[in-house]
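K.L.:
Mind assembling these two chains? They're in different frames, but the hints should get you there.
Chain by chain, the residues run as shown.
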Amino acid sequence: MGARLGAWKRFRRHGPAVAAAVVLVVLGLMALAFPLAESALGLQAETIDLLARLAGPSWDHPIGTDELGRDLLLRLLQGAQVSLFVGLAAALVATVIGAALGLAAGYFGGWLDAVLMRITDFVIALPLLPLLIVMAAADLSRLGLDADRPEHATLRIILILALVGWTTVARLARGAALVVREREYVQAARALGTGSTTILIRHVLPNALSPIVVAATLSVGNLILTESVLSFLGLGIQPPLASWGGMLTGAQGMIREAPQLAVWPGLLIFVTVVAFNVLGDGIRDAFDVEADVPGLRSR
Amino acid sequence: MIRYLCRRAAGAALVLVIMSMVLYALIGLMPGDPIDVMVQADPRLTPADAARLKALYGLDLPLHERYLNWLGAALTGDFGYSRLHHRPVLELLWPRLGVTVELLGFSLLLSLALAIPAGVLAARRAYSWLDHLISLLSLGAYSVPAFWLALMLIMAFSVELGWLPASGSGDLAEDGTQAWRHMVLPVVTLSAATVGGFIRFVRAAMMEELRRDYVRTARAKGLRERRVIFRHALKNALVPVITIVGLSLGTLVSGALVTETMFAYPGMGKLIYDAVMASDYNLALVSLLFATLLVLLGNLAADLTYAWMDPRVRIGAGVS
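If you read the protein sequences in the order shown, they are chains V and D. Mapping of the first sequence onto the numbering used here: residues 2 to 300, in sequence order. Mapping of the second sequence onto the numbering used here: residues 581 to 900, in sequence order.
Hints listed in this document are in silico derivations from the structure and should not be mistaken for laboratory results. Take these hints with a grain of salt, some might be off.
[Claimed, not checked] Computed cross-link-like contacts, SDA-like style, restricted to lysine to any residue with a CA-CA straight-line distance of at most 25 angstroms:
| no. | chain 1 | residue 1 | chain 2 | residue 2 |
| --- | --- | --- | --- | --- |
| 1 | V | 10 | D | 712 |
| 2 | V | 10 | D | 794 |
| 3 | V | 10 | D | 709 |
| 4 | V | 10 | D | 715 |
No experiment lies behind these values; they were computed from the predicted model shown.
With the rest of the complex left out, here is chain D (with noise of 0.2 angstroms):
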């Protein structure tokens, strides 16, 4: 077990320093470092002035070099200023990972509980009029554009009812009431992504289930329908139904920023967004670097759940 987590982090680790490599070299390419907007603002910046700036901050040297002052400052604990909002990163970011945290929280739990039922029915009843409109259903809600879904929510029940608030959030802990209204057209948003793949492979895994000769016993030994389906089969096809929710974080943290842009909502996926708009580099580095440690610690999750689920996956031998 201390063998197989020590090799997931080793694992996890390597795939961020080469994110941060990858993600340095793409940023170093974006439109104007921070001195030539320092001499762009300033008319009285001479270039020589630029020049000496440039070597003070080190931003003279090859990239690489480069690279490695940041990866040094970087596991000291150092992720460096923000540009735009003139703070260090680290104090921008954490109030804005739990945000998004939440968001992506209660839309996964959104997802769920619209799958799970819907998937169960669809399977019970294959091939039916219901189980064609299900998977209709599911069929349009991954195939809908995020940012128009919000859009039309925006338009319908923003502009036309009054219903909702359009943007912004409000905070659980001082008005809930405030907090809910606000999260409720970005949680709706963001779980269309998902639910619609979740359907299908609930449905799938659950017909799965259904044909297995435990089902078949369970039913010949007079059971009542719902506890064959609730107790035996459901318990049983939940189980890869993990992986896909572990599978989904990327997406998921792809969707929160499609969603916290559209309801200018204050989470990480805007502030990224934002970030990157504004050439704020290091901003947008470190965001991007935590949105992806998020989604490996997310997966990381899922396969331990998965694990403790199912014991005939041994971890520790087959289990990379």
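With the rest of the complex left out, here is chain V (with noise of 0.2 angstroms):
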């Protein structure tokens, strides 16, 4: 516990990451003041106005309106929203799997750890955005799903970014784990009899759980940016819902005209971003872990 209160020290120290810990939540509340907004304004999102397309200020429409004549805030408030919970939502997956499989792998060790990196090493040597291309196209209706409802659509997105987001955790946790299966604990547990299930979940994962966290963190950013990307290109967050990548589709078109329009969602994208990656090494250095290669990402 004590070395736990010695990390909040030391993060609270960590001028970047706090700063980033403030804006996260700033924009956490805007995506909490999303529906708070829609009622206040007496509009949706998704409200087309033909009449009103790429208008100015105003008092109806607070930053102006899109292409479609959709108001703009609501649209970049309902993206924040989207944003945030895919991104997170896919990370929890992703360490989900990533710890499990990783502890497992450093724990047991053998041909199930030999198995398991080499498939790490593989999926991070891959040009991942092809591949995820091919799986957000893939027709859903032909395994039984309807792909028409964007709910559908946003937990393919969700599950698809997991599947690539899992081999840091993976790699992280299995570092701890060997580690932590060498200490005087776990070995006196393994002398009493304990099972391995019980080991890993009592005594490794509460040790190993530094580095899980710190590569949760640090992982949020990346599936974020590769959520925008696939909304960007159409393959990810589905009209009508609005996404910040997607938002830029119709931006793209428009820089002549509008140029406001390409420049809000990817601002905030690159906030986001950026305010992720400075959290995670705030905690990795709070923590002290060492984590690999920063950095690299998969698109």
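P.N.:
Structure, rendered in structure tokens:
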């Protein structure tokens, strides 16, 4: 427990990380404020008004409208909700998969470890974006799912992202498990005849938690970036749901008439990703974790 | 050495076969097979005609049999036709591959040309304002969405200033200046994906070397600081950088897809994206496999260079 308190103190002194946490709280509040903003303006993010296309700021539309006359502020807020939700959900799924595989590989070693590490090396080296595009374009109706419902498209994007996002967590969790398994308390538990699953959950997991948290935080930014590319390419979040990447698809053809449409969503993606990366670095420094290669991402 | 190469080649072949299986299964899930599209386009075709055509092309077989047929043909060098372009896939692929390799090469050069001096400077002046500035810039470079960076560059340099073309490409051999002008923005966009990571890595590797005894010895015997840095420390710090360059190839190919699509640059990435969007299965499958092969070859080249630069790494024993 003492180590955790020390880590908290170190984190609080890490100026940029605290700033990043504040930025993320603000972004989270923006996402939460979306329904309030909808009722305050008496509009919906999906409301199309072709008579008010590309309108400037006004009382009805505080920062103007997009190429279909939809309220820009509402679209940005809904985009915040969608991007943060998808990024966090995908990171959570990826972390659970990665932690389970990484801890098992590190603890049991042997062929399981060898196979797993081969797979992660392989996934890390692959050109992932083309692969993701093929996955995202696959026709789910052939698997008996209704792909036209936006919830299904969103669920699919979360799963696809998790499928490529687990490797970083797995590597760090494995490293931690390799160290922890040699500790006396683990050996004592084993000598007492405690089952492997219990040892993994009771002893190995809690002591491998800090690298897992660091990897999870760092992967959120990465996953939000990947989601935005896929949505931009028309293969991620599906309209009418707004996403920052998808908003840029519409803005791309309008850069002469309405450059502001291309600036805001991209800037928000950028700020969010920077904030998650800085926060991850801060947590890493606070916990004193050796994270592997920084800044290599899946796209 | 020969044994090592054989093992690597076998590993690469295995990876490609697994990739092709996964992709084949996935692409089997993409909307509309060729006959469905034909039926939609031609109202005179009856369902019976469609069934006959499917039988003729083997499309009524179960997935694994279709895959084996495809693999058999591919192994004899027959990668089939592109439905979108009505031409053999390989014929489409070769020129595109060249364009992408060129783009990747220049962007890698630019990345390293920026990252090595920046990383060395940051390590030399560790924890100074300069170091913080450099780490801020590298953070920005690897956090920026490439497609948005491309949009911003187009807005600034093509629309506002009109200095550089926003789309297309030129032929280096025919009209050099024009080709360079077309290449500037794509190369810059693509470099952003890797330069941030490279800077952080060069800085870390350099810090590590500067702590070593041989650096102290070199300084103690009165060598100039420049010589200590560039002749001694940097030479050793660059060896692990090779691994990172190898590992970044997948990122680069992914980045090429975005960049080429944004700038309508006729490379592999755009070919893959267009093929997927037009459900041109075969073209998408084969180009993705070639992109993967490119990455695997690049990784092998990086590992061989590493072994050649660092005599401590003995090929054949520990390295797998």
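K.L.:
It remains to establish, for every hint, whether it holds in the given structure.
P.N.:
Tested hints:
{"no.": "1", "hint": "V/10 / D/712", "verdict": "holds, 22 angstroms"}
{"no.": "2", "hint": "V/10 / D/794", "verdict": "violated, 37 angstroms"}
{"no.": "3", "hint": "V/10 / D/709", "verdict": "holds, 24 angstroms"}
{"no.": "4", "hint": "V/10 / D/715", "verdict": "holds, 23 angstroms"}
When held up to the earlier numbered hints, the structure conflicts with hint 2 and nothing else.
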